[in-house]
Amino acid sequence: DAKTTQPNSMESNEEEPVHLPCNHSTISGTDYIHWYRQLPSQGPEYVIHGLTSNVNNRMASLAIAEDRKSSTLILHRATLRDAAVYYCILRVYNNAGNMLTFGGGTRLMVKP
Amino acid sequence: DTAVSQTPKYLVTQMGNDKSIKCEQNLGHDTMYWYKQDSKKFLKIMFSYNNKELIINETVPNRFSPKSPDKAHLNLHINSLELGDSAVYFCASSQRTGGAYGYTFGSGTRLTVV
Numbered sequence: 001d002a003k004t005t006q007p008n009s010m011e012s013n014e015e016e017p018v019h020l021p022c023n024h025s026t027i028s029g030t031d032y033i034h035w036y037r038q039l040p041s042q043g044p045e046y047v048i049h050g051l052t053s054n055v056n057n058r059m060a061s062l063a064i065a066e067d068r069k070s071s072t073l074i075l076h077r078a079t080l081r082d083a084a085v086y087y088c089i090l091r092v093y094n095n096a097g098n099m100l101t102f103g104g105g106t107r108l109m110v111k112p
Numbered sequence: 001d002t003a004v005s006q007t008p009k010y011l012v013t014q015m016g017n018d019k020s021i022k023c024e025q026n027l028g029h030d031t032m033y034w035y036k037q038d039s040k041k042f043l044k045i046m047f048s049y050n051n052k053e054l055i056i057n058e059t060v061p062n063r064f065s066p067k068s069p070d071k072a073h074l075n076l077h078i079n080s081l082e083l084g085d086s087a088v089y090f091c092a093s094s095q096r097t098g099g100a101y102g103y104t105f106g107s108g109t110r111l112t113v114v
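Quick note, the sequences are listed as chains A and B, same order. Take my numbering: the last position of the first sequence gets the number 112, and nothing is skipped along the way. Take my numbering: the last position of the second sequence gets the number 114, and nothing is skipped along the way.
Rather than coming from a laboratory, the hints here were simulated on the basis of the structure. As the structure is a computational prediction, the values presented were derived from the model and not from experiment. The C-beta atom is built at its ideal place from N, Cα and C for all residues, glycine as well. One thing to keep in mind: the hints can contain errors.
To be verified - Some, not all, of what chain B presents toward chain A, calculated at C-beta under 8 Å:
hint	residue
1	8
2	10
3	45
4	48
5	64
6	100
7	105
8	107
9	108
As the list claims (entries may be wrong) - Computed list of lysine to any residue pairs in SDA-like fashion (alpha-carbon distance at most 25 Å, straight line):
hint	chain 1	residue 1	chain 2	residue 2
10	B	41	B	10
11	B	71	B	13
12	B	19	A	42
13	B	44	A	53
14	A	3	B	100
15	B	71	B	40
16	B	40	B	62
17	B	44	A	42
18	B	41	A	52
19	B	22	A	57
20	A	3	A	51
21	B	44	A	66
22	B	9	B	75
23	A	69	A	101
24	B	36	A	7
25	A	3	B	46
26	B	41	A	107
27	B	71	A	101
28	A	69	A	57
29	B	22	A	32
30	B	71	B	20
31	B	36	A	107
32	B	41	A	42
33	B	41	A	46
34	B	41	A	74
35	B	22	A	107
36	B	22	B	51
37	B	9	B	82
38	B	44	A	26
39	B	41	B	71
40	B	40	A	40
Make the full structure from the sequences, and use the hints.
What follows is the structure, given as structure tokens:
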């Protein structure tokens with residue numbers, strides 16, 4: 001998988017929006033952008049993924065830059081339960097040998 | 001219903017023992033995985049497996065072996081356990097192996113080797 005760069009940690013206030021950035025300047029045309037999160041003492045949890053267009057689901061929104069070299073995960077209203085490590089990962093389309101490879105992620109802290 | 005379930009949740013054992021961790025998924029996915037998360041919290045892929053292909057991360061010692069009795073199960077066998085094997089092990093599954101598909105993870109098995 002191509003490399004991604006994320007800040008080690010971020011802080012947010014409860015009830016406010018959170019924008020988690022991810023840089024992936026070496027992304028190729030067939031790489032999907034995936035986001036996962038890991039809450040304390042739990043397994044990783046799928047959040048969202050996209051290829052070129054912005055994506056929305058019940059958990060979050062994914063904004064993808066026009067050149068696809070960066071993306072932003074948006075939590076519209078942070079809650080205390082959103083405190084977790086968030087991972088941005090690139091995945092190659094239809095490559096049987098390609099497995100989800102985690103980096104260090106961004107630790108999000110949410111203040112009441 | 002639990003989508004990906006692992007048993008046991010906790011496992012404490014002595015060095016040199018052989019142990020297994022079981023994983024089952026009820027999502028109808030055709031590919032399953034094992035990950036290891038060490039004390040520094042880094043998640044490392046160990047294996048990817050479907051009914052056609054086993055892909056092993058080259059850094060995984062051959063004391064670790066996946067066994068799949070059927071498409072819904074991928075068990076992890078560990079021989080001659082060492083102190084450094086202590087970690088949390090996560091099982092996961094996906095519909096396909098390609099980038100368009102997300103993974104579903106189990107809640108983990110905390111292995112402690114004493």
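Evaluated hints:
no. : hint           : verdict
1   : 8              : violated (15 Å)
2   : 10             : violated (12 Å)
3   : 45             : holds (5 Å)
4   : 48             : holds (5 Å)
5   : 64             : violated (15 Å)
6   : 100            : holds (6 Å)
7   : 105            : holds (4 Å)
8   : 107            : holds (5 Å)
9   : 108            : holds (5 Å)
10  : B:41 <-> B:10  : holds (17 Å)
11  : B:71 <-> B:13  : violated (29 Å)
12  : B:19 <-> A:42  : holds (22 Å)
13  : B:44 <-> A:53  : violated (29 Å)
14  : A:3 <-> B:100  : holds (18 Å)
15  : B:71 <-> B:40  : violated (32 Å)
16  : B:40 <-> B:62  : holds (23 Å)
17  : B:44 <-> A:42  : holds (16 Å)
18  : B:41 <-> A:52  : violated (30 Å)
19  : B:22 <-> A:57  : violated (32 Å)
20  : A:3 <-> A:51   : holds (16 Å)
21  : B:44 <-> A:66  : violated (31 Å)
22  : B:9 <-> B:75   : holds (14 Å)
23  : A:69 <-> A:101 : holds (18 Å)
24  : B:36 <-> A:7   : holds (23 Å)
25  : A:3 <-> B:46   : holds (19 Å)
26  : B:41 <-> A:107 : holds (12 Å)
27  : B:71 <-> A:101 : holds (23 Å)
28  : A:69 <-> A:57  : holds (22 Å)
29  : B:22 <-> A:32  : violated (30 Å)
30  : B:71 <-> B:20  : holds (18 Å)
31  : B:36 <-> A:107 : holds (19 Å)
32  : B:41 <-> A:42  : holds (12 Å)
33  : B:41 <-> A:46  : holds (18 Å)
34  : B:41 <-> A:74  : holds (24 Å)
35  : B:22 <-> A:107 : violated (30 Å)
36  : B:22 <-> B:51  : holds (17 Å)
37  : B:9 <-> B:82   : holds (19 Å)
38  : B:44 <-> A:26  : holds (22 Å)
39  : B:41 <-> B:71  : violated (29 Å)
40  : B:40 <-> A:40  : holds (13 Å)
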